[in-house]
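J.: With this note's numbering, letter number 279 in the sequence shown gets 270, and the count goes up by one each step, no holes.
One or more hints might be untrue.
[Stated by the list, open to error] Cβ-Cβ distance ranges computed for the label pairs, FRET-style:
1) D563 with G197: 52 to 58 Å
2) S289 with G215: 38 to 44 Å
3) Q53 with K185: 18 to 24 Å
I should point out that these hints are in silico values taken from the structure, not numbers from a laboratory.
Note that CB positions come from ideal geometry on N, CA and C, so glycine has one too.
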Amino acid sequence: MYKTDGAATNVYGDPEVIANYVEQLILETRKRDLLEGAEQDRKKLLDQPFVRSAHWETVWEQIINPNTRRPHQPVIIIVAPRSCGSTTLALRLLAEHTADNIAVVKLDADWQNPSKGRLPLEKGYAYQLDLKHPENDQVSIDFLEALSEHATNLRNCRSYLAMTVAQDLWKDHRLSDRDGIQVVRLREAPDAQKVVEAHLNASNYGQLVTSLRSLPKATASLRGLTAVAAVRAAHAAMMAWKEHIEAGSQQPPVQIDGEGGASVTLDDRIVAALTDWRDELDSRFGEMNSVHTRDNPSLTVEDRCLLLAMAVQQSAPMPVVARSATDLLKAIEDIPDAPGAATGPSPALNALAGRGMRRRIQDVGGRVDLQDTVVFDRPAYGRAVLEYVWDNYDVMREPLLTWLVATAQGGGPEDHAVAALAELTVRHGTVDYLTTLGNLVGSSHPKVLGEVMDSAVRNEHVGRLAWQALYGWAEHKSHAPAVIALCQRVLEDSFVDTSLAKRAMVRLRRAAQKNTDPAVVSQVLTAFDALVQHPTVSHRLIEEVQGWQQGKGSSARSGALAFLALMTVRHDGTPQLVCSPPTGINVQQAVHDLLSSSDTATEVTSRLTDWIRSCAGDPSDYTQLRDHLLPALRGHNMFEASWRFMNELRGISTTEGVSVADDFHNHLVDSRLRTVFPLEESLV
């Protein structure tokens, strides 16, 4: 720290803090890539459902000074098992026990490893940061020592940092309290039933609490759930209520074949939504059976495929369900018969010799109406079926993903297969899972992959792993279309967090930079053309152009594409880059560079022609634009580019009837050389 007396001060080395007065701390950040985050609404945090068990109360009291009602230390580290609710605890604690004028910000740990230099430091902030990534968030002794130094600066700024660390990342016994750091351990989640009831009451489903308490089978299923699973159970109960209301408003079918046609009560739906179905599924997926019998609940392999198809489709025409089940069976029958094996009955004969489709559907819990539509109104059970097969049959995982992707060819938010894939991705989104999903989908179903990953990148538990996968996919021709579509969707969301928007922009930049395929580059340009029309995104494209013109290699191609997109923006009908170019962008230099490059010459020529055509009707605008472009068309390596551009202008005339091509020719070519280089003898 250096004190100045108003005179110029030379600072050597790399100080992090420079102060005019010892009493006043002025922080100068020298890194551009500080962690970003979203400011939280304090009132909303305090209004959210929150349950503290006796253990949570103990941890809470360890952190808070009873006299000041503020945290004992500026840095609090909460070590807890995953899905325990530690993030909720940290945010609630900061909201309750920091001053009202302090901003609560949830940071996004977008780094390769924990680094003090990436942590923001400003006056009057309460930062919250989750460390959950199995590879990028490993906490080291060095990081903790540096964090202790950071704590001193936080204290001087009257700021706080509450970090939650997954228990499996806190491996070294030497990781403990330091100056300015308090480490506490959260060992268990609060009571799951209380969490469910709190969320039901907060969402105005208080009437469900009474029903839930009267259902011992449902409450028994809640015991021992993690905090994340308890919140999921609360939403499942709400969904059961909505399903009950929706089912009650629909006309009952004229006639239902088979058993189970009685109406389903609300209590039935709540029990179904919250029940752990593993015992029943253990019997359904028991010993191998070649024939289904009433006294043996274990299903044949064909019926297991059928049950999975119904779990995904829920309600669909019976032929659709049958085809889906058959497709799944084919997906797992990928081992050809051994050479010389005896020839058996044909598949058609085997199928005909078995039970009819209607009977099989009834045996696995479905119904069929007179229109041959399968009714499987058991969404909670369907989700349990998918999870059970995933958890218990490791060899089924890849075929299951292959089948779901093929089933979801149409895509769309209402696609049941897309919804099933999204649930599996959020629940099991490990590095291996995402790698498998990406390899299976590749370029064949980019829309499906984009929709599935859209839910993953916004999920607090698997979001960082999903973004990491997208970063790797961006440079591959097969995966880039899905990455581009998803990142465009994220950036077009006006409510998206700044950190997510930044990550999306980084991956679009990587797709442009790492792909040489013209089709991928064209897709990035198409995305930029759409994004530049959004005021909240256009500034990011301006930054891309600035980075390109400042010589940053990582922005070279994306900066050029961003400039092309900015060329489409109009202000009162006039190209905005001409009438009011953004600060820091040299339009003439950009046009010159794009025209002189074979990769961009055709596209920029087309867009410049559009500029000329839009201004040709106004003499003043046309003259301004022409004079603006002439310097860019002169100079080294511009002869051929200028000539091609002038030939593109043929057919455009000003209001005075002057050919624009001739006008540019007269201004670009010396009068003494016009007969040597007449416009008619073009190079095109």
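J.: The structure should be examined with respect to each hint, and the outcome stated for every one.
T.: Do the hints match the structure? See the list:
1. At about 55 Å, the beta-carbon gap between D563 and G197 stays in the expected band of 52 to 58 Å.
2. Checked against the given bound of 38 to 44 Å, the beta carbons of S289 and G215, roughly 28 Å apart, lie outside it.
3. For Q53 and K185, the Cβ-Cβ distance of about 22 Å falls inside the hinted range of 18 to 24 Å, so the restraint holds.
Going through the hint list in order, the structure does not satisfy hint 2, though it satisfies all others.
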